[in-house]
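**Student:** Sequence:
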Amino acid sequence: MMANLFAIALTGDKRVFQPGDTISGVLLLNTNKEINLRGVRVELHGVGHVRIRSGKVTYARRENYLSFQSILLGRAPFQNGSDVKLQPGNYNFPFQFPLPVSALPTSFEGTYGSVRYWLDAVVERPWRIDLNTRTPLVIVERVQTRNPEFLEPRVKQEDRMLGWPCCPSGQLHTKARIERLAYCPGQEVKISGHVNNESSKTVIGFEAQLVQTVLYKAPEATTRKVTEKLYILKKEQELAPGDQTNVELDSFVIPPVQPTTKGFGCIDISYAIRFKVRVKKAFNTEIIFPIVITTVPPSAEPSVDPVLREHIYIALANYLASRAAAELDSDAQEATEGERNTVWDGSPPPEANRKYSGSFRFI
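So for the sequence shown, the working numbering puts the first residue at 1; every next one is plus one.
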């Protein structure tokens, strides 16, 4: 065996980064024989990819976000020069890549596409198979809202006639209230409502849902939309015809998910909170609050010294890893557009009072 060890070791074993951070580490190589090589290099890549099959045609879109390389020994590919002989032993090759401060889309794994970042290390050898190793990374974009309207309570009302036009069953009046429209992972969501049942139907329960909608954009205006319920909160409570009641649902926290992303790259991600009234033998009533998910609390000042909220981002990295594994087990070509449940059941990350700086995308 030529190389007993060939691996990338990141500084502090850190795998979650933000724009403006520096990715650093060492390339570890242990060889028990002399190696004749052209060069040793580490490459940093970031790619967004969407692939949609429509009939017999497959539409694919690829976007490059990062493409850097660092030559650690020898020469770059296709560069003239002499080969290098590496004697048996242990070698540590340090490297670093400063990430641009401009916005980078957050890592994502989905049915029809992904946003991925990774490090490749290569030992290029003449007339032999190269040595390769890869380390995936997670990049989380800094997103914050400064729109004061997103931080105010919102109330919506839905008045709906139950039954059919030929045989109406009476009206169901539903009002729902949410504390605000902007959240970051770890923050608490409180939703309440009031229901006045003037119909002849019986209300059998209430429900709150956190919903993620992903829009995949391929060439030729080909798109696919997938909606997932990330969190479902149910309350079983009957409301007889002619009665009314206030509805207080348990609060829940925003799980570690990607921030809202619209008009940025080949994948748009949006979120909503649904307040649903379940009616026996009738269509349910639903009130939808579009919300934005940020990575920085609205009250944080981006001008002070940065301290990353690692507990949230590591949870997001684990979430992405589980999503990636799930997608590898499924056939993306057989996926259908529509809605599915992928309820996150991990422990909610606690919100911390931290400070942030760097490049932000404001919503």
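Be careful, since some hints might not be right.
Computed cross-link-like contacts, DSS-like style, restricted to lysine-lysine with a CA-CA straight-line distance of at most 25 Å [claimed, not checked]:
#1 K56 to K217
#2 K280 to K234
#3 K156 to K276
#4 K175 to K229
#5 K175 to K217
#6 K280 to K229
#7 K217 to K276
#8 K175 to K225
#9 K280 to K56
#10 K280 to K235
#11 K229 to K262
Here are the in silico distance ranges between beta carbons for each label pair [what the hints assert, rightly or not]:
#12 P148 to T58: 40 to 50 Å
#13 T245 to E188: 22 to 32 Å
#14 L151 to K56: 17 to 27 Å
None of these hints come from the bench; they were simulated from the model.
Just so it is clear, CB atoms sit at the ideal spot from N, CA and C, and this is done for glycine as well.
**Student:** Would you list, in rising numerical order, the hints stated earlier that this structure does not obey?
**Tutor:** 5, 7, 8, 9, 14
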